[in-house]
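A.B. asks: So you can see what is in the structure, the chains are spelled out below.
Protein chains: 2
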Amino acid sequence: MEPCQLSATQAASLIKSRKLSAEELMRSCLARINARDALIRAWLHIEPERAIRAAREADKLQASGVLHGLPIGVKDVIDTEDYPTTQNSPIYAGLHVGRDAACVSLARGAGGLVLGKTDTVEFASSGRKALTRNPYNPAHTPGGTSSGSAAAVADFMVPLAFGTQTSGSLIRPAAFTGIYAMKPTWNRVSREGVRMYAISLDTVGWYARSVEDLSLFASALGVPRQDEPVALRDLRVGVCRSPVWSHIEPSGAAALERAARGLRESGAQVQDFVLPAQFDTLRAAHAAISHREAGVAFLPEYVNAHALLAQGLRDKVENSDGISDATLLASYATADRCRPEFDALFGHELDVILTPSAPGEAPEGLATTGNAVFNTMWTLLHVPCVNIPAGWGEHRLPVGVQLVGPRWSDARLLAMAAAIAPTIDTDSQARLDALW
Amino acid sequence: MEPCQLSATQAASLIKSRKLSAEELMRSCLARINARDALIRAWLHIEPERAIRAAREADKLQASGVLHGLPIGVKDVIDTEDYPTTQNSPIYAGLHVGRDAACVSLARGAGGLVLGKTDTVEFASSGRKALTRNPYNPAHTPGGTSSGSAAAVADFMVPLAFGTQTSGSLIRPAAFTGIYAMKPTWNRVSREGVRMYAISLDTVGWYARSVEDLSLFASALGVPRQDEPVALRDLRVGVCRSPVWSHIEPSGAAALERAARGLRESGAQVQDFVLPAQFDTLRAAHAAISHREAGVAFLPEYVNAHALLAQGLRDKVENSDGISDATLLASYATADRCRPEFDALFGHELDVILTPSAPGEAPEGLATTGNAVFNTMWTLLHVPCVNIPAGWGEHRLPVGVQLVGPRWSDARLLAMAAAIAPTIDTDSQARLDALW
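Chains F and S, in that order, are what the protein sequence lines are. Numbered as in our numbering, the first sequence ends at 436 without a single skipped number. Numbered as in our numbering, the second sequence ends at 1436 without a single skipped number.
These aren't lab readings, by the way, just hints derived from the structure by calculation. A few of these clues could be false.
Claimed, not checked - Calculated Cβ distances over 10 Å to all of chain F for the following chain S residues:
no.	residue
1	Asp1037
2	Met1196
3	Gly1222
4	Ala1333
5	Arg1339
Claimed, not checked - Covered stretches of chain F (chain S as the covering partner; in silico rule of three or more C-beta atoms under 8 Å from a C-beta of chain S):
no.	region
6	116-127
7	184-190
8	286-297
9	335-349
Said to hold, decoys possible - Stretch by stretch, here's where chain F covers chain S in the computed footprint (C-beta under 8 Å, at least three residues):
no.	region
10	1095-1107
11	1111-1124
12	1155-1169
13	1180-1191
Yeah, the Cβ is synthetic: ideal placement off N, Cα and C, and Gly gets one too.
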């Protein structure tokens, strides 16, 4: 087994007990990148010598942080003090910011080593797509906008990576690449130093290849582990087809049914769950808010680098959808009413929601990163979501389902995901075999 | 008259018509700083040669932007690509970020010239105070946390400056130093590149010495001018003593009465206005949200630079006030309910609220920057506020009142302020005389 195949938790444990060096792990990840990234193109910027040097320095120290010696990928809309932060925009090509984003600072504080910057859709918004390809079939997208981070973790180039979600940019790529993703509660982890797209929606999150690794990473970011294990038979799971079920594809529908069946067979209490009718309006509210807030966020580039800004972002500044101030405020009000109502669903009759992560498999080609229709509602609700790989679609590409809980239940959601994941994701060995 | 005494609007007009050069204006501002800043200490970082060079470059160009050739002060929690951004924290001493904050980028895009960085309370939060003194009496604070920006504009060192407000950090210093301030609607201007303290509250705003100049600056920041003038006799002004009136001091009460009388005598329809009872809870909601959100924002420094972080900020990370997740969410819900209710007050019976900017005059000493009790509610409501100088207190220090409107009425609020200010602020010549 190559070190880069280890989970983050395994690798951290081996490094701590000196059975593996951080340098060996870093070299293994770099070798994997060297072998595969000409095809996958997950990375925008790596500096192998710097990364190896950092690993050697880590090896001189006694492990103290939970991420000691672990290589981490960073979506290139997130600032790093050492590497450039380009946001995949020609406006910022080669720009060195000189200060770590809050999430990167926390990862480094826990001993994590930034391996490099991963490709992203321009500004994690619209415009220029990442060049990244799906590791399971390079003719398909890995999803976006966190394209590079998802593909890098999926392809065993790095055990952990940061992404961001404003619509569905964390969960969807995880579903398309067969990995785990945590989109935490909005502002559960500081978004400082992460490119702004829509301030009410933008959320920093992370990728790994197991729930255990998501939790390890979470603990470094200020989301403490919930130690009491969750018993499946006590769990009341609501299977939510959501107001956008008409967008589901056969592979997505089959994955949700398989997941629900697996959970039921493992003893969980699985019921269909229908959201109150007013939640139907959240999708439109998300669209209005993201459009208008993007208009604020991209005004500087619109003014100062007009020709280099993608037309889709210029449209937002020009408010091409004609969303009035009144509609913006009504959209905020819709979200504000639904959030506490959603939180209140949990506790008495429901512990967690199971819902699709995406319509189905990753689409062919790189012109689209897929549809975020199954994600925007949860992003707007500010609630934590965890993607769990849920088998394969008809094109032998991964399909995912997500677990959703109420705001600020991030630690509990991860604990539930740890109990639930083995009943849904029985293919981790198959994924490894497919890529090696 | 010295060029530095000109309003921004006057100076921009003279520069455009080549009757004044940007270099002359910059040299005049630098001379004022040279003469006064050893006493006032508004500036953390200036580079006179760089500023003069930038002014000379501006003089080579035909004026196109509305701020062409105007020197601007930037609170040192706001990133600038040329000057360091220290946040008045030893953790970031001398740090060069290499990228302008969005607001700075917009100001430069309109032809503005960054003169330098102004002193601030540590992280615009709590901890180390600015060393800045009140221009009208250096034994008194200029207020905070935007201490340096307010004092620099008040003292004629610069016609325009950026500040930020999370509690009362824009409006209160303006009141204490006899200048005008605009705290726009939350996220009306992008906060990207501005140090995060409490994401739901932090607001970028600006200082000037007249409403006309506030509007000029606003137009560069994406808040277009409302061209139709406002007729005073049509204005329905609600005099709001607010739920925290018990904190008012005699000078603050007298200023509010004077302002209301001036408005009434000028033909406006002035009525007392009492907010609905549920607004009484906003102050506590603001405290809970700012405390918990600061706990997220300062976690990186807590982890990585513990000894250098002020105890007041460590307390927030440790949640020393013991604010539960449920209380945080209930506080969000309070704000979410009150915001549309507040907006709905306007239109039928009310055009604008007149309310104190601070309890009274600036306190003596630099150990406190004064009390934000008259500001936190409006910040949490996300509504635009304009400070108007409203005469003098018993210690011959300035006192202010603020105008408040509904969300996203920023342009209209400035238009109303332009009509209202002359009836309240009759002392601009006295302020000039006092400082020269």
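A.B. asks: Each hint: holds or not?
C.D. replies: Evaluation of the provided hints:
1. Asp1037: Correct as stated: the minimum Cβ-Cβ distance to chain F is 27 Å, above 10 Å.
2. Met1196: Violated, because the least Cβ-Cβ distance between Met1196 (chain S) and chain F comes to about 4 Å, which does not exceed 10 Å.
3. Gly1222: violated (5 Å)
4. Ala1333: At roughly 5 Å from the nearest Cβ of chain F, Ala1333 (chain S) sits no farther out than 10 Å, so the non-interface label is violated.
5. Arg1339: About 8 Å separates Arg1339 (chain S) from the closest Cβ of chain F, which leaves it inside 10 Å; violated.
6. 116-127: violated (count 0)
7. 184-190: With 4 residues in contact (Cβ-Cβ under 8 Å with chain S), the coverage given for the region 184-190 of chain F holds.
8. 286-297: holds (count 3)
9. 335-349: With 5 residues close enough to chain S, the hint holds.
10. 1095-1107: holds (count 9)
11. 1111-1124: Result for this restraint: violated, n = 0.
12. 1155-1169: It is violated: at least three residues are needed, and the region 1155-1169 of chain S offers just 0 whose Cβ sits closer than 8 Å to chain F.
13. 1180-1191: Holds: 5 residues of the region 1180-1191 of chain S have a Cβ under 8 Å from chain F.
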